[in-house]
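*Asks:* Each chain is listed here by its residues.
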Amino acid sequence: MSRSASLAGDTAWTRPGARRRGRLYRLLGGSMSLALGGVLVGLFVLMALLGPYLAPHDPLAMDLSARFQKPSAQHWAGTDQFGRDVFSRILHGAGTSLLAAVTAEAIALAAGTLIGLLSGYVRGRFDLVVQRILEILMAVPGLLLAVVIVAVLGPGLQNVMITVGLAGIPTYARLVRGQVLAAAEQEYVEAARAMGAGSRRIMLRHIMPNIVAPVLVVGTMGLAGAIQATAALSYLGMGAQPPDPVWGTMVAEAQVFIYNAWWLAAAPGAAIALAVLGFNLLGDGLRDVLDPRTRR
Amino acid sequence: MGRYIAVRLGAALVTLVAASMLIFVLLRVAPGDPARLMYGLTPPPDAQLEEMRAALGLDQPLPVQYARYMGAALRGDFGRSYRSHEPVGSMIAERFPRTLRLTLAALVIATVVGVAAGVAAGVRRGSWLDAATMAAAVLGVSVPSFWFGMVLILVFAVGLGWFSVAGSSTWRDVVLPAVTLGISAAAVIARVTRAAMVEVLTQDYIRTARVKGLAERVVYFRHALKNALIPVVSIVGLQMGYMLSGAIVVENVFGYAGMGQLAVYALNTRDYPVIQAVVLVSTTCFILVNLAVDLLYTLLDPRIRYA
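Same order as they appear, the protein sequences are chains A and B.
Residue numbers for the first sequence follow this note's numbering, beginning at 54 and rising by one.
Residue numbers for the second sequence follow this note's numbering, beginning at 2 and rising by one.
If you are wondering where the hints come from, they were derived from the structure by calculation, not from laboratory data.
Keep in mind that the hints are not guaranteed to be accurate.
[Said to hold, decoys possible] Residues on chain B that point at chain A, a partial pick, calculated with CB under 8 Å: (1) T16; (2) A19; (3) L23; (4) L27; (5) A31; (6) A137; (7) V139; (8) P145; (9) N253; (10) Y273; (11) I288.
[What the hints assert, rightly or not] Chain B stretches covered by chain A per the calculated footprint, using a threshold of three residues with CB under 8 Å from any CB of chain A: (12) 238-252; (13) 264-271; (14) 276-285.
Given the structure is predicted, the values throughout are model-derived calculations rather than measurements.
Backbone N, C-alpha and C fix where the C-beta goes; we use that ideal spot for every residue, glycine too.
Work out the full structure, taking the sequences as your base and the hints as a guide.
*Replies:* Okay, structure coming up:
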């Protein structure tokens with residue numbers, strides 16, 4: 054930031070009270086959230102991809118002579134009740150933890166967008182029925198719906214992804230439907246229809262591109278929510294089972310030892326918090342940039 | 002107005018019936034024969050199982066089973082637990098008040114903290130206070146509650162000894178879980194309040210109030226806050242709904258014997274009647290809260306058409 058700030062030193066700012074900011078900052082639309090969120094998300098994506106190669110120790114290797122060691126130069130985040138290196142477990146868990154959230158969000162996004170597009174475009178009785186079904190899904194508090202679904206499907210990370218994905222469908226379906234209804238009234242859709250474009254073409258070529266921005270914003274924030282939800286369900290024992298190094302499960306395992314080994318819970322908890330923070334900031338920033346009306 | 006209330010009430014009732022059907026059907030397709038689960042690990046002879054099926058009404062068609070279940074549930078009879086064989090209704094009756102107390106305490110904390118922070122940030126828009134408050138708000142929605150709860154236990158229960166580590170009997174047991182449950186709601190409420198405050202402060206009547214020479218304090222609290230609170234009401238109600246969900250996690254962190262803890266315990270022991278009752282009662286609460294918020298909203302903001 055400081056380097057790019059000096060590059061922009063000759064720029065005069067007319068807005069009173071505004072400090073001089075860098076070129077990068079302006080390129081990002083003046084959004085600190087976007088920059089910070091982008092960096093955090095980038096770091097976590099790198100961690101998910103490269104984590105297993107960067108990990109200094111085997112995440113499952115036990116060393117009973119080195120149990121409950123405090124964070125040190127050798128074990129950056131300490132060791133757990135089996136002498137396993139916590140930092141290596143966090144690095145290994147990054148991929149699974151983030152992939153679970155991404156998969157859940159992909160289910161919600163794909164199904165929700167499709168339902169929303171159809172519902173908003175077809176309208177009529179189809180729309181009415183779909184809206185009622187979505188209302189019923191939304192009437193059951195999220196985690197309780199998860200309890201019911203896990204009761205039916207059984208525990209496991211895969212079922213947690215399905216659960217979180219299902220619970221997220223109404224959000225996208227309603228968002229996209231609203232956008233489609235609004236877009237359908239616009240003149241460019243009318244023009245396309247007058248020129249003889251078919252329904253599918255209008256939907257995909259004309260309406261779709263105009264609803265990408267809000268979906269992108271909600272999707273980014275949704276990823277933050279999905280990380281939290283999958284972690285919470287894993288914490289409650291519905292997701293990945295030990296010894297798999299998944300962040301939520303690691304916090305749950307660590308709770309028993311919290312009085313004498315605080316670092317066991319600290320590291321995976323911080324990883325979840327920072328990942329969620331990253332996506333939240335990125336979502337905030339994207340909204341600021343893509344929808345200038347919300348900026349104040 | 003009367004007609005609007007009737008329509009909303011009817012819609013809520015329809016949603017409730019449909020949601021209860023969904024829960025009922027889902028848990029009926031869950032693996033495991035309920036009659037067999039009643040007996041635990043040692044399955045009885047087939048004849049006895051048949052008898053149990055008939056006693057539980059499992060030989061009836063699904064719609065009949067549903068009607069019977071809901072009829073009994075309306076009288077507070079949710080069947081018996083597969084594990085403890087206790088009436089599920091009394092298990093719920095014992096735990097529901099605790100979860101309600103936790104949720105209400107969390108809601109009060111979230112509303113007081115959220116509105117205060119939101120007003121402070123909105124009034125001093127662009128200041129360091131605004132920036133710090135909004136940064137804290139993003140952090141507040143990002144920190145996982147189960148982890149934040151553990152931090153609170155370490156600091157305030159183990160370290161300072163102000164509160165008990167776990168429990169659910171006295172008011173002191175409620176404080177830490179309520180703070181944990183309320184923190185993310187406080188963050189959301191703060192953001193909405195700030196946005197509403199910023200919006201309201203640009204209105205003409207605020208300028209008029211200032212031109213009249215009213216003190217800033219009067220302008221903020223008498224004129225601005227009153228109108229800024231309208232969107233806040235709806236978000237507070239929504240957050241209360243989310244808290245019914247969040248309570249599952251928080252109760253398990255603190256060993257707080259409420260409905261959420263019961264739900265997870267029942268899930269782990271495949272105690273379906275208990276799961277069904279907990280989900281049904283919570284969903285009913287959720288729908289009622291949303292209905293109340295809707296009605297309150299129309300009362301507060303006369304501009305909303307009763308459509």
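*Asks:* For every hint, state whether the structure bears it out.
*Replies:* Hints, verified against the model:
no. : hint    : result
1   : T16     : 5 Å, holds
2   : A19     : 5 Å, holds
3   : L23     : 6 Å, holds
4   : L27     : 5 Å, holds
5   : A31     : 5 Å, holds
6   : A137    : 12 Å, violated
7   : V139    : 6 Å, holds
8   : P145    : 5 Å, holds
9   : N253    : 6 Å, holds
10  : Y273    : 7 Å, holds
11  : I288    : 5 Å, holds
12  : 238-252 : holds (count 7)
13  : 264-271 : holds (count 5)
14  : 276-285 : holds (count 5)
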